[in-house]
Every structure is written in C-alpha cells, then in structure tokens.
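Participant: My request is simple: use the sequences and hints to build the entire structure.
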Amino acid sequence: MLKSMLALGKMQFNQYNIYKSNFYLFTLNRIVEIVVYIFVWQAIYNQTGNAGGYTIAQMTTYYILVFTLSSLSCWGVNEDMAHSIRNGNINKELLNPLSYFQYYFGVNIGEMGFALVVGIATFIICSLFWSITLPVSFINFLLFIILILLGIPITFFFTMIVGTVGFYSSSIWGMQILRKSIISIFSGLIAPITLFPIWFQNIANILPFKELIYTPINIWLGQITINEIVFIIMKQVLWIIILYLFAKLFFNHAVKKVTINGG
Amino acid sequence: MSKIFDNISLYFSFLKASLKEMLIYRLDCIVGMISQIVTQLVEIIFIWIVFQNTDNLAGWNFMQILLLYGVTLISIGISDFCFDALYDIGPKYIRNGEFDKILLRPINPLISIIGSSKEFTALGYFGLGLFLTITMLIKLSIPITMILILKILFFSIVGASIIGAINVIFSIASFWTYRSNEVIWSFYRVYTFAQYPLDIYNKFIKFLITAILPFAFVAYYPTMNYLGMNSNMIYIAPMIMIILWVIAIKVWNFALSKYRSTGT
Amino acid sequence: MSIIEVKDLVKTYKIVEKEDGIKGYLKNLISPKYNDITAVKGINFNIEEGELVGYIGENGAGKSTTIKMLTGLLTPTSGKVVVNGIVPNEKRIENNKNIGAVFGQKTQLWWDLPVIESFRLIKKMYKIPENEYRKNLKKFTEILDLEDLLEKQVKNLSLGQKMRCEIAATFLHNPKIVYLDEPTIGLDVFVKENIRKFIKDINKERKTTVILTTHDLKDIEDVCDRIILLDKGQIIYDGEKQKFKDTYGKYVIAEFIISSKNKDISNLTDAIILEENEKDIKVKFMHNETTIVKLMNEISSYCKIEDVHIKEPELEDILKEIYKGAHEC
Numbered sequence: 001m002l003k004s005m006l007a008l009g010k011m012q013f014n015q016y017n018i019y020k021s022n023f024y025l026f027t028l029n030r031i032v033e034i035v036v037y038i039f040v041w042q043a044i045y046n047q048t049g050n051a052g053g054y055t056i057a058q059m060t061t062y063y064i065l066v067f068t069l070s071s072l073s074c075w076g077v078n079e080d081m082a083h084s085i086r087n088g089n090i091n092k093e094l095l096n097p098l099s100y101f102q103y104y105f106g107v108n109i110g111e112m113g114f115a116l117v118v119g120i121a122t123f124i125i126c127s128l129f130w131s132i133t134l135p136v137s138f139i140n141f142l143l144f145i146i147l148i149l150l151g152i153p154i155t156f157f158f159t160m161i162v163g164t165v166g167f168y169s170s171s172i173w174g175m176q177i178l179r180k181s182i183i184s185i186f187s188g189l190i191a192p193i194t195l196f197p198i199w200f201q202n203i204a205n206i207l208p209f210k211e212l213i214y215t216p217i218n219i220w221l222g223q224i225t226i227n228e229i230v231f232i233i234m235k236q237v238l239w240i241i242i243l244y245l246f247a248k249l250f251f252n253h254a255v256k257k258v259t260i261n262g263g
Numbered sequence: 001m002s003k004i005f006d007n008i009s010l011y012f013s014f015l016k017a018s019l020k021e022m023l024i025y026r027l028d029c030i031v032g033m034i035s036q037i038v039t040q041l042v043e044i045i046f047i048w049i050v051f052q053n054t055d056n057l058a059g060w061n062f063m064q065i066l067l068l069y070g071v072t073l074i075s076i077g078i079s080d081f082c083f084d085a086l087y088d089i090g091p092k093y094i095r096n097g098e099f100d101k102i103l104l105r106p107i108n109p110l111i112s113i114i115g116s117s118k119e120f121t122a123l124g125y126f127g128l129g130l131f132l133t134i135t136m137l138i139k140l141s142i143p144i145t146m147i148l149i150l151k152i153l154f155f156s157i158v159g160a161s162i163i164g165a166i167n168v169i170f171s172i173a174s175f176w177t178y179r180s181n182e183v184i185w186s187f188y189r190v191y192t193f194a195q196y197p198l199d200i201y202n203k204f205i206k207f208l209i210t211a212i213l214p215f216a217f218v219a220y221y222p223t224m225n226y227l228g229m230n231s232n233m234i235y236i237a238p239m240i241m242i243i244l245w246v247i248a249i250k251v252w253n254f255a256l257s258k259y260r261s262t263g264t
Numbered sequence: 001m002s003i004i005e006v007k008d009l010v011k012t013y014k015i016v017e018k019e020d021g022i023k024g025y026l027k028n029l030i031s032p033k034y035n036d037i038t039a040v041k042g043i044n045f046n047i048e049e050g051e052l053v054g055y056i057g058e059n060g061a062g063k064s065t066t067i068k069m070l071t072g073l074l075t076p077t078s079g080k081v082v083v084n085g086i087v088p089n090e091k092r093i094e095n096n097k098n099i100g101a102v103f104g105q106k107t108q109l110w111w112d113l114p115v116i117e118s119f120r121l122i123k124k125m126y127k128i129p130e131n132e133y134r135k136n137l138k139k140f141t142e143i144l145d146l147e148d149l150l151e152k153q154v155k156n157l158s159l160g161q162k163m164r165c166e167i168a169a170t171f172l173h174n175p176k177i178v179y180l181d182e183p184t185i186g187l188d189v190f191v192k193e194n195i196r197k198f199i200k201d202i203n204k205e206r207k208t209t210v211i212l213t214t215h216d217l218k219d220i221e222d223v224c225d226r227i228i229l230l231d232k233g234q235i236i237y238d239g240e241k242q243k244f245k246d247t248y249g250k251y252v253i254a255e256f257i258i259s260s261k262n263k264d265i266s267n268l269t270d271a272i273i274l275e276e277n278e279k280d281i282k283v284k285f286m287h288n289e290t291t292i293v294k295l296m297n298e299i300s301s302y303c304k305i306e307d308v309h310i311k312e313p314e315l316e317d318i319l320k321e322i323y324k325g326a327h328e329c
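Chains as they are written, first to last, in this note's numbering: chain A, 1 to 263; chain V, 1 to 264; chain D, 1 to 329.
Everything labelled a hint here was simulated from the structure, so no lab data went into it.
Just so it is clear, the structure is predicted and the values come from calculations on it, not from any experiment.
Treat each hint with caution, since some may be false.
Said to hold, decoys possible - Interface residues of chain D toward chain V, partial, derived using beta-carbon atoms under 7 Å:
hint : residue
1    : F45
2    : I93
3    : N96
4    : W110
5    : D112
6    : I116
7    : I128
8    : P129
In this text, a Cβ means the ideal position worked out from N, Cα and C, and glycines have one as well.
Facilitator: As structure tokens, then:
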C-alpha cells in the first residue's frame, strides 16, 4: 500500500516536473511576494524603528520562511479531485485497490514533494540576497521540522473536506479560494498572528492553521518556549483526529450520493 | 484604418458571444466574484495591519494607500475581463489543437482569442476597486469633479491596456509550453509591487516597474495625480501604452511565425 | 493554372529528445538534444479547380503535415506551395478567406452557444453577404437536416449532429477549397452517407475543390475521383481512382464453398491460397494469368465445389496489399 502511494506521489511530482518552466515560475512568484512584504516592513522599520515587535532581520526571515512553507499548506489535491468528479474518473478511482483517501494521499505526497523543492529553492535564492537568521538551536530546528510534518495530515484532511464539497456543488473553485484565504489569514501567512486583534488571536489559537506557518517559524526564531511546544503538539494531534473523522464521515456520506444517483 | 475599425467591430461580435456564453454559468460567475473579493480582502487586512504599526508608508497614509489599491483593482478588473483568454492559449487552444482552428479564421488570431475572454468574475475586482476608490476619495475629501471622473475613467482604461499589452507579450510563451498561463501570471504578478508607494523600494525595483514592466503607470502615477501630489508622470502613460502595444503585436506576430515553422 | 500547386515540398521537424531520470532532466535543462524527423520528403502535385481528391496514407505518412502546410498552419522547410495564387504561409489570412477546413472532431463552433449563433459569427468573420448567407443556410439546413439543431447548444449535440453542423459551418462562406481531415470519424453509416452526399452536391454545384483525408476508404470510394497515396513522406501513387484500382487491383478474390475434401490442396498453379479449411477455400489470382474456369477444374480434383463467390477487390483490400508490400521491402 505504501509502495503504491509513493508511486502515485512520484507520478504527480513528475507531472509537475515535465515542464521546466513551472519550477522557475513558482519560485519567481514567491520571490516577488517576499520582496513586497520585506520592503513594506523595511519602510515601517525605517519610520518607527520597530517591525511589529520583531527586529528587521527576524521579520525578513519570517517572510522568507513563510514562502518556503506556504506551498505546503496552500497547495493540495482539490483541483485533481474536482476534475475527476466532473469527468467521471471518480468511478475509476473508487474501484482502486487503494482507498480513495490513500489514493489522494499518494497524489498529495507528490504535490508536497514539489512544493518542498520550490520552497527550498526559494529559501536558497533568498539567502543570497538577505541574511537569514538561523534557528536558535538544533532542538528548535528539529521541532520546526516536527511541526511541519504534523501539518501535512492537517492540510490533507482539510483539503479532502473541501474537495468533498465537489460531490454536491460544481463551484468547487470558490471553495478552494475560500480554503486558501482561511489558511492565509489564520496561518500567519500575511503577517505574524500577534499583530492581529486579540479576538482574532483567540480564534487562531484554537484552530490548527497557526501551526502550519506561524508557530514553526517562531520556534525557528526562538520565540516560543519548549513547554508551550509540548502543548501545541498535543493540540495538533487532537486536530488530526478530529479532521480525519470529519473528513471520513463527510466523504462516506457524499460517496453514498454518487453510488445511489450514479454521480 | 478601415481594417482597425473592422477588427474592433469583430471584437465586439466575439464579446457578445462570450457574454451569452457566460450567462449560462451565472452561479459559477457569482461564486467566482465573491472569491475574488475574498482574496482581495485578505490583502487589505495586511494593509490594515501595516497601519497598526505605522501612521504612514513613505509619506502615504492608510486611506491614500487604499485609494491606490482601489485604483489598481479597477484597472485589473478591466484587464482581467478583456484579456483573460490569453491565459487559455497554451493550456486550452494549443494543447487541444483548437489553435489551428483559430489560425484558419480570416481574421487576426489575437482578435479571435482576446475576443473570447469571458472572465466575468473580474467584475468582482472592478466592483471592489470602484467601491474603495469612491469611498477613499470622499474620506480624503477630494472633490469629485467631472474632470476627475473623466481622468479616472481614461487612465483606468489606459492602465488596463498597459497590463493587457504586457500579458500579450508574455503570452507568446504559449508557443513553447502548454503551461503558458503560469508564465503570464508570473510576470503579471509583478504588478503587486505597484500597489505600494515606489519610494519604499530600492533602485532596481523602481527601475523594473517604471521602465521594464511599467506597472507603475497603471495606478501609482495616476493616483499620485488624483491626490494632488506633484506628478506629471501620469501624462506619459498613454504613450507607454501605445509603445507597449506596438511591441506586443510585433513580438506576437514574430513568435507566431516562428511557431508555424516548427509545428507541434 | 492549377488551384493548388505543390512543388518539392519538404518538412523537417526538430524533436527534443526526452531523457529519463533526474540526470536526464538536468541535462535537458542545459543542452537539449534534437533529432531531425523528415515528415514530408519532397512531394509534387497539382490540383485543378473542382477536383475531389482523396489524400490517403497510413498514420504518420505525412498527411496532416501536408494539409497543415497547404492551409498555412505550418511553414515548409523547403519547396513551394501556391493555393489559388497565394502562398498560404505568407498571406495566411488572405488564404483563409478562400478555404474551409474540418479537422477531425475539433469543432470551430462556439461550445456553449446555439448553433445558429456560431453561424452568425462566421457570417460576420467572413463578411458573407446577407442574401448569400440566407441562401446557403436554407440549402444546408435542407440537405444536412439541421432544422431542429440550429437553436440547440453545441455541447448538447451528438457527435453526428455536431459534425453535420460543422460541415455546414465550413461551407457557409462558399470556400473555393475545402480540406476535410477525417470528417466521418466515429459517425454512424447514415450520417456518413449524408455528409458524403453533401460534399458531392456542393462540388457539383459550385466546383468547390475538396481534399479529403480519411481512414474510412468508403468515403474515398464514394466521393473522390482522384487519389494521392502517401507513404513515409513520399507520394507513391497519384492519379484517377479507377486507374488505381485497375493498376493495383488486377487480381480477383474467389471463395469456393466445398465439401468432401479428400486431401489438402496447399498448392495451385497460377493462384495464391489465402485461406483453406474443410468447408471453404479462398484464393487470389490475376486476370491475365488464369481464369475462374481453370481454377474450378483444378480444385474439383481435390473436392466437390458447392458454390463460388467472386469479389472484385475494394480500395481497402488494395491498400492493405500495398502497405504490406511496402513494409516487406
């Protein structure tokens, strides 16, 4: 099972890779965005001597890491799912020896692999132009990695929930944009969560999205204590279970609809 | 001259057909518009956060930046609406072999393609842009005179047209890769720079968005003018538009002839 | 002057060699390797106004490449193409006004719109005069039976309905030359016949020159007077259809229904056995070498003949023979 999932992942990765331009373009896009954010914060820093409670070097590192990680949480298999529902491939996929979730998790691995390559390339290119603050300790780097790995099932199940909406509505596209917008705001993608109003921070603290980007980066920057991290990891594991159960139940309900009505 | 007139009349026939096509997908259209607005709101939240940390950005205050943002969105709305089909050349037309059909029509293929744009969701951008622009003009107590309205109208169209020409230039990537939509989009994204005052950037970026990909003429210089900041750069915009279109058409035709000699 | 002149036409493609693995990927990124493939190797022909020409050959013989060069979609590597006095790839748009084209199942109609809207746009594009448009529309609607389809959205049409509309759209502006590439692929017999009849009618009435490429040789058999046969980028036959059959199809296939065979025949003078079993035997022989009577005499010494079927070879049989021969060489 794991083998066929990896094979699927490899296929998806290669599909992206066929077109050389993709790699350059995705990286270029990221860098344009990073540059805008960094210059805006630089301007604020020049004006006020403060960049949202961070030093300017930390803020620069923050945004570079944001766009190193952002593809991991913003990409997903939604488009593939919607496409297969529309053209009827879904029936073939339901007949796979792999379960639907396993199948798409395989595809997702490839997607994440490519996101990682783009992310790392972005990081390396940015490190040529700006000096990046290194992780405060090796343990922090390790915890950074652990949180990112925990983020993968969170993103995946969340994606599956959004993708399942495609069984009921043909306007999956709007849902996808909504998904990306939710993640952009609550993950700290556009700005560190601490800069938002308190009520918003309270919501973000409960949701699991902050741990996709904001928290790992702050662990890298040494802004979060080890005690807090233990609590955060427990919270993430709980969310993985909740999202998994919800995704599964929702999907089973949707599939019944397909198998009864014939799609 | 009559040729230009012919082409314009054909363009509108195509547009009418696209309009009818779009009406069939009314729901998708509304959902699309809402999503466009939501993505923009995310960016506006960022601007709001910025002004929680400072009271001005290179001398521009919150409302002035939002005005710049609104003016940009108007032009982007128009250009997305009019030139969206350029994104389809690679992934849709060339990949499926439909491009041959377009080449066999007795009219310029660029007109055929641009005419089949039907990105009505761009009206979401346009609407939000218009709303922001009007609200900010009022809040900044800038008198909305007839001249200002005409100016905004004229320079928004010029701005959209500048974006369009840049998109046409990069759409030639379609002749080499099916994923040309991503190429166009990548260069198009450079406009993000021009949503903030140019003074926050270094020389390289300033040069990039005034001289190479002149997105600064889309909204930045016009907004400076509307705000009464001393800017005569706005009057160069129409000239830039014309130069860009001449280049775009030349480049496009050249790429097309190259494509026809290599084949698929 | 011929309406289509083709002289020493050559087309060579440069193909990037794709390599596997990360190493190959990186190598390709830096210095891609090209292979030259010559799809059309110096062909010559002239087509006169009003001719119905079948342009045939196996997949990859260079048919589509030639058609693309004739329509100006592709620039020739060398050689000359003149269509109606115009070099298509130099004055493409000028040329487009004179031609119509159907490419397999790719439609030129607007997918989401009713058929009639597409026709109106075509009218506008080709600047078809109002009365001519009306006349054509009426006539085509009649022959192709489009009455009920005009108000339907293209995406809701069946394959056959779509193709009928497509054909009408192609002829709407009275093109001088029409290129039809696989116009009947995937269609049922009735639609096929309908379309063939339409092409013949229009050709007769307007002297429209038609170039037809197809894998369904019934199309050619039914519609075309002349055949150009292409193999591996070269023309191996160009001439009248009947003459083609006469030259390459001098043989006859005879099927004998037999009984009480006493021994295997396995060999006949002047004829080739194609199939043999207890109940029947299929042979092929040349007109000038033997006769059916001689064969019957010979076979009856092995068994009792119950019945005989004689079949003139069809275009398809002949082509099969030619291709087979071409591959054996």
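Participant: All hints are to be evaluated individually against the structure, with a verdict given for each.
Facilitator: Evaluation of the provided hints:
1. F45: violated (21 Å)
2. I93: holds (6 Å)
3. N96: Since the shortest Cβ distance to chain V is 4 Å, the answer is holds.
4. W110: holds (6 Å)
5. D112: Since chain V brings a Cβ to about 4 Å from D112(D), closer than 7 Å, the hint holds.
6. I116: violated (12 Å)
7. I128: Not OK, violated: I128(D) not within 7 Å of chain V, min 11 Å.
8. P129: Not OK, violated: P129(D) not within 7 Å of chain V, min 15 Å.
The earlier numbered hints that this structure contradicts are 1, 6, 7, 8.
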